[in-house]
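There are 2 protein chains.
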Amino acid sequence: MMELTNWLEKRVRLSPGKTALVFQDKQETFLELYEAVQEVAGKLASFGVRAEMYVALLGRNDRETFLMIHALQQLGARTVFLNNRLTATEILFQTRDAQVERCFYVDGFAEKVNGMLAISFTSVMEAPILDAPLVSHFAMEDVASIMYTSGTTGQPKGVMQTFGNHWWSATGSMLNLGLQAGDGWLCAVPIFHISGLSILMRSVIYGIPVYLEEHFDEIRVDAFLRSGEVTMISVVTTMAQRLLDVFTTRYHPNFRCMLLGGGPANKSMLEACFEKGIPLVQSFGMTETASQIVTLPPEEALLKIGSAGKPLFPAEIKISAHGEILLKGPSIMAGYLHNESATKASFDGDDWFQTGDVGYLDEDGFLFVLDRRSDLIISGGENIYPTEIEHVLIAHPNVLEVAVVGATDEKWGEVPVAFIVAKEAMDTALLYEFCQQKIAKFKIPRQFHFLDSLPRTASQKIQRHRLKR
Amino acid sequence: MMELTNWLEKRVRLSPGKTALVFQDKQETFLELYEAVQEVAGKLASFGVRAEMYVALLGRNDRETFLMIHALQQLGARTVFLNNRLTATEILFQTRDAQVERCFYVDGFAEKVNGMLAISFTSVMEAPILDAPLVSHFAMEDVASIMYTSGTTGQPKGVMQTFGNHWWSATGSMLNLGLQAGDGWLCAVPIFHISGLSILMRSVIYGIPVYLEEHFDEIRVDAFLRSGEVTMISVVTTMAQRLLDVFTTRYHPNFRCMLLGGGPANKSMLEACFEKGIPLVQSFGMTETASQIVTLPPEEALLKIGSAGKPLFPAEIKISAHGEILLKGPSIMAGYLHNESATKASFDGDDWFQTGDVGYLDEDGFLFVLDRRSDLIISGGENIYPTEIEHVLIAHPNVLEVAVVGATDEKWGEVPVAFIVAKEAMDTALLYEFCQQKIAKFKIPRQFHFLDSLPRTASQKIQRHRLKR
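Order-wise, the sequence lines are chains X and A. Counting with full-length UniProt numbering, you get residues 1 to 469 for the letters of the first sequence. Counting with full-length UniProt numbering, you get residues 1 to 469 for the letters of the second sequence.
A few of these clues could be false.
Note: identical chains are not told apart, hence a pair may lie in one copy or across any two.
What the hints assert, rightly or not - DSS-like mimics (lysine-lysine), calculated; alpha carbons at most 30 Å apart, straight line:
id: 1; residue 1: Lys267; residue 2: Lys18
id: 2; residue 1: Lys18; residue 2: Lys304
id: 3; residue 1: Lys318; residue 2: Lys18
id: 4; residue 1: Lys267; residue 2: Lys443
id: 5; residue 1: Lys443; residue 2: Lys423
id: 6; residue 1: Lys438; residue 2: Lys423
id: 7; residue 1: Lys18; residue 2: Lys328
In short, the hints are calculated from the structure, not lab data.
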């Protein structure tokens with residue numbers, strides 16, 4: 001077991017007076033934050049939270065959730081991050097699958113944890129402060145966070161991210177993007193996603209502030225990028241597009257990296273960014289790789305438009321015989337929680353992680369991602385797996401066959417669209433309602449088309465590409 | 001065993017066209033360097049060098065030695081770095097103690113390996129190139145380098161530095177000093193010392209050039225620091241002083257770190273640097289910690305003059321009951337080669353490394369190094385720190401250099417004695433009076449000896465044991 005001294009405590013020792021968090025225009029230093037975190041940890045301890053316990057957290061991008069995340073780490077708990085866009089059914093599945101012993105939620109989400117023994121943040125804040133033992137060290141092999149990804153087939157799986165995964169991800173990113181005095185990272189991506197959580201981890205390791213935004217508001221973000229305070233930001237394609245839509249004057253020269261993840265970007269958008277001097281940096285990564293693992297070095301951004309870049313130090317990449325992108329490196333997950341078979345299936349015989357994505361390396365070793373899993377739909381940065389929606393719809397008594405594909409959408413990049421073979425004619429509103437009870441709003445198909453039969457190959461596989469057209 | 005992909009190969013994949021080495025005003029890229037290293041590795045292989053073999057290297061700060069260092073790493077050999085200022089007797093001791101199987105030397109040093117089965121660099125360069133297997137990965141736990149510490153007492157011991165030690169040292173330094181596009185590190189300290197070797201390792205990990213200088217020439221270095229090409233440099237006190245002596249105009253704004261190591265610095269020199277806008281960064285480290293492990297953050301340099309700083313992320317520090325500086329962290333050596341008892345003796349029961357240095361932490365956690373524990377003078381039960389007296393004497397306008405050591409005394413056990421390099425001849429009574437105004441009587445040296453120069457080690461550390469004799 002390799003142990004490093006508790007990162008937050010270390011950071012406070014190193015730079016207590018540096019800004020750690022800027023939220024709703026209020027700044028807090030690492031020392032102030034640490035004191036608040038210790039208090040929350042003491043309150044959580046009064047609910048029995050202790051080291052190695054699996055604890056679910058249903059939060060949002062705000063200061064309270066931020067404190068909870070750090071407090072749970074200080075107690076040595078393993079946090080199961082719940083996506084607040086999920087339905088109560090989906091959340092119930094994840095908390096059961098992870099066998100969580102406690103569940104904490106932001107007050108607005110009470111109905112999503114209905115029937116569970118969940119504890120509201122308000123109850124936590126009102127609790128007495130116990131003198132709880134905080135961990136002195138983080139073991140690199142220890143699980144720090146669990147995030148569920150819905151696979152193309154079957155049930156969602158809990159990705160176990162260790163402290164080591166987060167550490168190597170942060171240093172790998174630093175070796176590519178550098179670290180400068182005055183750096184600050186804007187986080188308008190969800191902190192229950194690895195894109196957001198990784199910013200929180202980097203903040204502590206680097207000693208730089210997180211500019212935490214509740215939602216992505218292009219007007220506010222635009223102002224930040226012109227202020228010089230924010231030097232880095234993580235975005236998905238739709239956010240970059242929305243920033244372009246309101247772009248007026250050049251961003252501040254201090255602003256040096258718009259890290260683009262969460263799916264492929266179209267070339268015209270990339271070119272529009274470069275024309276405006278926006279330092280866009282493309283990347284490729286997933287929950288299983290603890291955020292970006294392949295990133296385009298800033299100095300090559302213009303030379304290799306469309307490429308996701310090269311694997312961060314010291315990660316390795318290769319393309320399988322079937323064109324699949326394989327990865328190796330210390331930021332790759334420990335495995336799927338309570339799911340030995342899925343873990344085994346995700347690595348090949350030589351311990352290469354099989355991303356399920358298809359791509360190629362050009363002659364200079366730059367990765368080009370061809371298809372984010374041929375059937376995956378990416379809508380506003382969220383991964384939508386068609387099979388998950390298909391499984392919901394097929395359960396409807398009037399649905400005989402179903403296929404879901406992505407349709408291009410100006411605002412969201414893609415939206416799901418369903419093709420249905422029905423027993424008898426029916427109102428689409430009924431299908432919409434049916435979905436509402438089971439899956440998050442962003443997963444519900446925007447259109448329902450009725451066909452006599454689905455186009456299939458000779459071997460009876462649905463031809464999604466024909467439906468797309 | 002944690003393995004990382006071969007760093008040099010990875011660096012070449014990431015940034016083949018970036019400058020890796022600037023030597024005698026000639027630039028080479030990582031790709032060019034790598035090709036040259038592969039060739040040298042093939043030649044070394046024809047002398048039977050292979051993985052896990054202990055190989056001694058007697059080189060100097062030049063391109064050939066640079067290539068040899070990397071070539072030995074590529075072959076998986078463990079390099080025993082010989083200090084080229086040592087005598088043949090000392091070198092013989094070290095190569096025997098390390099049980100090296102091969103010894104390579106730069107041609108000028110033939111007499112230092114007289115009688116040994118040593119191979120000259122010329123012979124290597126003339127050898128055929130074997131198609132030798134290069135290592136695909138560096139295991140973090142594997143020994144990369146061995147360096148003998150002179151040790152103020154007893155026989156020299158071979159410090160085993162692992163790849164992990166070098167890695168953590170490089171990232172810890174980066175988290176403190178940052179990493180910027182255009183960085184370049186000037187190496188005029190010996191590459192057979194950890195101060196120099198650590199620059200070579202950082203270069204590969206960061207992807208920045210080493211400006212390798214054969215000797216420290218203050219006129220050349222001054223020109224580099226004013227050019228904007230060099231952004232970082234490692235120096236010892238005498239180098240900083242020599243740069244001050246030739247200082248004319250301000251250094252280039254790109255130049256952002258003069259990393260000072262190798263022993264305590266006097267306050268007046270530090271202040272002279274800050275007056276001239278020289279970004280001096282004090283540090284503390286040793287062969288056993290794979291270079292600096294406590295460093296003053298640049299932004300605190302002026303606030304904490306005289307402090308060595310705080311332990312780099314994620315290293316830990318504490319002061320023992322006896323005032324000794326104790327350290328913990330992943331950059332601390334695996335142990336002394338073939339010397340279990342010395343290894344055991346250097347760690348306390350809780351695995352803290354005992355530095356042998358005495359110091360204290362101020363109320364903000366900054367380290368102030370007082371002295372080598374072995375240099376401590378105990379006089380009539382009083383602890384006397386030589387550096388305290390030295391700081392008093394160096395402030396005298398006629399004193400150029402000074403060292404204070406303990407001399408055996410029948411009555412007091414020990415008494416302080418001063419060795420001085422003076423501008424011009426002077427009366428010792430004047431020095432005595434000078435001290436009287438500033439320090440307690442028991443601390444005033446009983447004798448003042450005048451020398452033309454102080455005996456120093458290859459790394460410019462004063463050899464107090466020689467003065468003692």
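Now the hints, each set against the structure:
Taking the shortest Cα distances, Lys267 and Lys18 sit within 30 Å of each other only across copies (27 Å), while inside one copy they are farther apart (39 Å). Taking the closest pair of Cα atoms, Lys18 and Lys304 come within 30 Å of each other only across two copies (17 Å); inside a single copy the shortest separation is 36 Å, beyond that limit. Proximity of Lys318 and Lys18 under a CA criterion of 30 Å is satisfied inter-copy only: 23 Å between copies versus 40 Å inside one chain copy. In the homo-oligomer, the alpha carbons of Lys267 and Lys443 lie at most 30 Å apart inside one protomer (20 Å), although the nearest pairing across protomers, at 66 Å, exceeds that limit.
For the homomeric pair Lys443 and Lys423, the shortest alpha-carbon distance inside one copy (24 Å) is at most 30 Å, but the shortest distance between copies (83 Å) is not. For the homomeric pair Lys438 and Lys423, the shortest alpha-carbon distance inside one copy (22 Å) is at most 30 Å, but the shortest distance between copies (88 Å) is not. Taking the shortest Cα distances, Lys18 and Lys328 sit within 30 Å of each other only across copies (25 Å), while inside one copy they are farther apart (35 Å).
Comparing the model with each numbered hint stated earlier shows that all of them hold.
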